[in-house]
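Chains X and F, in that order, are what the protein sequence lines are.
Note that full-length UniProt numbering numbers the first sequence so that position 43 is 43, with each residue one more than the last.
Note that full-length UniProt numbering numbers the second sequence so that position 210 is 210, with each residue one more than the last.
To be clear, the hints were calculated from the coordinates, so they are not data collected in a lab.
Take these hints with a grain of salt, some might be off.
[What the hints assert, rightly or not] Sample of chain F residues at the chain X side, in silico, Cβ under 8 Å: (1) Leu62; (2) Leu64; (3) Asp93; (4) Arg95; (5) Gly97; (6) Ser100; (7) Phe103; (8) Leu110; (9) Val113; (10) Thr123; (11) His160.
[Unchecked claim] Derived Cβ-Cβ restraints for the label pairs, each shown as a range: (12) F:Asn33 x X:Ser126: 31 to 37 Å; (13) X:Ala232 x F:Ala329: 57 to 63 Å; (14) X:Tyr11 x F:Ser150: 33 to 39 Å; (15) F:Ala281 x X:Ile2: 56 to 62 Å; (16) X:Arg313 x F:Ser50: 25 to 31 Å; (17) F:Arg205 x X:Ile2: 44 to 50 Å; (18) X:Ser126 x F:Glu290: 34 to 40 Å; (19) F:Asn33 x X:Ser309: 49 to 55 Å.
[What the hints assert, rightly or not] Calculated pairs, DSS-like style, for lysine-lysine (alpha carbon to alpha carbon, straight line, at most 30 Å): (20) X:Lys130 x F:Lys132; (21) F:Lys69 x X:Lys236; (22) F:Lys69 x F:Lys181; (23) F:Lys132 x F:Lys181; (24) X:Lys236 x X:Lys130; (25) X:Lys236 x F:Lys132.
Each residue gets a CB set at the ideal place from its N, CA and C atoms; glycine is no exception.
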Amino acid sequence: MISFILRRILYTVPIMLGVSLVCFALVHISPGDPLVSILPPDASVELQQQMMAIYGFDRSYPEQFLRWLGRAVQGDLGNSIATGRPVASEVFNAVGNTLILAVTATIIGFTLGGLFGFVAGYFRDSWIDKLATAISVIGVSVPHYWLGMVMVIIFSVELRWLPATGAGPGGSSQWIWDWEHMQYLILPAITMSVIPMGIVARTVRALVADILQQEFVSGLRAKGLLDRGVLAHVIKNAAPTALAVMGLQLGYLLGGSILIETVFSWPGTGFLLGQAIFQRDLPLLQGTILVLAMFFVILNLLVDVAQTSLDPRLQRG
Amino acid sequence: MTPLPSQSDTPLVRVHDLSVRFAGTPPVHAVNNVSFDLAPGEVLGILGESGSGKSVTLKTLLRLLPERKTRITGTIEVDGQDVLSLQGRALADHRGGVASMIFQDPSLALDPVYTIGQQIAETVIRHEGASKTDAMARALEMLELVRIPSARRRLDNYPHEMSGGMRQRAMIALALACRPKLLLADEPTTALDATVQIQILLLLRDLQQELGMGVIFVTHDIGVAVEVSDRLAVMYAGSFVETGSVRDVIRDARHPYSKGLLAANLVGAVPGTRLDAVPGAPPALSALPEGCSFAPRCAHAEAACSASPIPVWTGGDGRWARCVQASRAEAMAGAGGRS
Chain X
1 MISFILRRIL YTVPIMLGVS LVCFALVHIS PGDPLVSILP PDASVELQQQ
51 MMAIYGFDRS YPEQFLRWLG RAVQGDLGNS IATGRPVASE VFNAVGNTLI
101 LAVTATIIGF TLGGLFGFVA GYFRDSWIDK LATAISVIGV SVPHYWLGMV
151 MVIIFSVELR WLPATGAGPG GSSQWIWDWE HMQYLILPAI TMSVIPMGIV
201 ARTVRALVAD ILQQEFVSGL RAKGLLDRGV LAHVIKNAAP TALAVMGLQL
251 GYLLGGSILI ETVFSWPGTG FLLGQAIFQR DLPLLQGTIL VLAMFFVILN
301 LLVDVAQTSL DPRLQRG
Chain F
1 MTPLPSQSDT PLVRVHDLSV RFAGTPPVHA VNNVSFDLAP GEVLGILGES
51 GSGKSVTLKT LLRLLPERKT RITGTIEVDG QDVLSLQGRA LADHRGGVAS
101 MIFQDPSLAL DPVYTIGQQI AETVIRHEGA SKTDAMARAL EMLELVRIPS
151 ARRRLDNYPH EMSGGMRQRA MIALALACRP KLLLADEPTT ALDATVQIQI
201 LLLLRDLQQE LGMGVIFVTH DIGVAVEVSD RLAVMYAGSF VETGSVRDVI
251 RDARHPYSKG LLAANLVGAV PGTRLDAVPG APPALSALPE GCSFAPRCAH
301 AEAACSASPI PVWTGGDGRW ARCVQASRAE AMAGAGGRS
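Between the sequences and the hints, there should be enough to build the whole structure, so can you do that?
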């Protein structure tokens, strides 16, 4: 098991390298001059070249990549072109905010999704199954930015129960888990939880229904296990696959949702990414994408390890 | 119908007029008016081709069929308990405690993500309230009983890490862990290699003699049935058509279907000649013919065969066969003076 984990960690090194290369290249193959947005339209050629030198755009691509990578490893992602502030701290702030939102949405989505899915699969073809399936299909199909706007209209504009946008009085850097802040979290978190809820519910339903069809469940009943004993076996059999799906969903949520964070002006990574794209802020864009990609790689690693420790058939394969 | 009389006064299993219907359009008559007794320590082999209702009969004894879609009538008593009235915890106590089951394919019937030791120990904990350590000790004891080599190491194996024969041994160990009085074996050798089949059969026979439990052994293989059983019941289209001691049925089968099964056996067949297979296929259980279900395939069928009820021929020692001709032959023999 330990050798498996070490090997799996080793595998992530080339993946991370590849990811960083793609991050770097993506930005450079996109058309347009990155300095256009901060230079005055009538800037002299001299000034342009001076700025190019400051940001290092005058060197060759491999050199730029290595310098950028070297600094990135040390935690220096350069400075934002638009604000001049270090990208690392901007991304760090945004990641914190996205984490708050994503983890809350995850807890809501996975709990409800797992519950709906399990009940639906266990009582397959009953009315409760049809209800749970309907909810999850709606969850997956409804565009979530639209749902976000509808929720804002209902709960903020009409009912005036909850604030429509922002992350509370402390802003992006000073989050506190009190009502004053949490009321800003409720609408975006619920909106964000709807898709993972639907996907998890459908996955778990299919898994549980499939497992209950298998002969070993008869075997468990035949040896006299009570329903709760059989249930424990079903959960352990469903866990590896369910976990993989959940890990992937968590990855998507951690990446932040540009749409949801924009609708609710939530200062997370999605919001930041949107800003960076519209302002052609290359260092910020690179840094944000890189950090998000690393999150995904690490998360996949964790899911793999968890899955392997749960399913003995994967271990020695 | 005449049930098998048993050697002792209180049979371990008493099945009377058991019928099982599966809901559907049309409903499937999987088991029809089956009655039999099983004495403690007796081995009954139920012989029949696929779809004859033998597995369903077995599963009914543990009430393993999906409740919503199944209608069971008749009575089943195991060890004095009315099995069909058991509910909840009492039913769970019956399963694995009084009666337990070996399945056809152990690679499907064992939980893939639990070790063999855990799966056996779980049963012991459930039925005897044993501690984890004691239950594991029992699991080890059971693996040794079924002669699994290096049993201690095998405790921590998952089913996929064992060979087919080893898995079936583990399944047997699991079934016997709580010393049931009745063991139900559902074609336990069908999914195995021929050489392994024999080992498992011998093991089952030895364990049966050692532990003295009653066994109902379901198979489509006459050779297997003869090897392990005291009595045979031949099943066709959901009904018993003939029963008796193994010797009597093998030597002197009375029902044409039993005769056909015996004739279709490979042992003693002349190479190069066609086997005497029973022609045709069994009737659909959703549309059983009136009278004898075997009549459409029977070479000796006559008008009387499609009228209910079919007369039952009875011989000594619990023998009977439900067949028009067997009964008539006996009547004629009786009229002509017994030899």
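Exercise for the section: With respect to the beta-carbon atoms only, verify the hint that F:Asn33 and X:Ser309 lie 49 to 55 Å apart. Expected result: holds, 53 Å
Exercise for the section: Starting from the hint 56 to 62 Å, judge whether the C-beta atoms of F:Ala281 and X:Ile2 obey it. Expected result: Holds: the Cβ-Cβ distance is about 58 Å, inside 56 to 62 Å.
Problem - Restraint outcome when F:Thr123 is required to lie within 8 Å of chain X by C-beta distance - result: Status holds, d = 5 Å.
Problem - Restraint check, 8 Å cut-off on beta carbons, for F:His160 near chain X - result: This hint holds: F:His160 lies near chain X, its Cβ roughly 6 Å from the closest one there, short of 8 Å.
Problem - 33 to 39 Å as the expected CB spacing between F:Ser150 and X:Tyr11, which holds or is violated - result: holds, 34 Å
Handout entry: Hint consistency between X:Lys130 and F:Lys132 [alpha-carbon to alpha-carbon, up to 30 Å]
Key = violated, 41 Å
Practice task
Using 8 Å as the Cβ threshold, decide whether F:Val113 counts as touching chain X.
Solution key: holds, 5 Å
Problem - Agreement of hint F:Arg95 with chain X interface, Cβ distance less than 8 Å - result: Interface hint status for F:Arg95: holds (4 Å vs cutoff 8 Å).
Practice task
Hold the hint about F:Leu64 up to the distance rule: shortest CB distance to chain X must be less than 8 Å.
Solution key: Interface hint status for F:Leu64: holds (5 Å vs cutoff 8 Å).
Practice task
Please work out if F:Lys69 and F:Lys181 have their alpha carbons no farther apart than 30 Å.
Solution key: Answer holds: F:Lys69 to F:Lys181 is near 29 Å, not above 30 Å.
Practice task
Please work out if X:Lys236 and F:Lys132 have their alpha carbons no farther apart than 30 Å.
Solution key: Holds - the C-alpha atoms of F:Lys132 and X:Lys236 are around 19 Å apart, at most 30 Å.
Practice task
Given the hint of 44 to 50 Å, check if F:Arg205 and X:Ile2 actually sit that far apart at their C-beta atoms.
Solution key: holds, 46 Å
When held up to the earlier numbered hints, the structure conflicts with hint 20 and nothing else.
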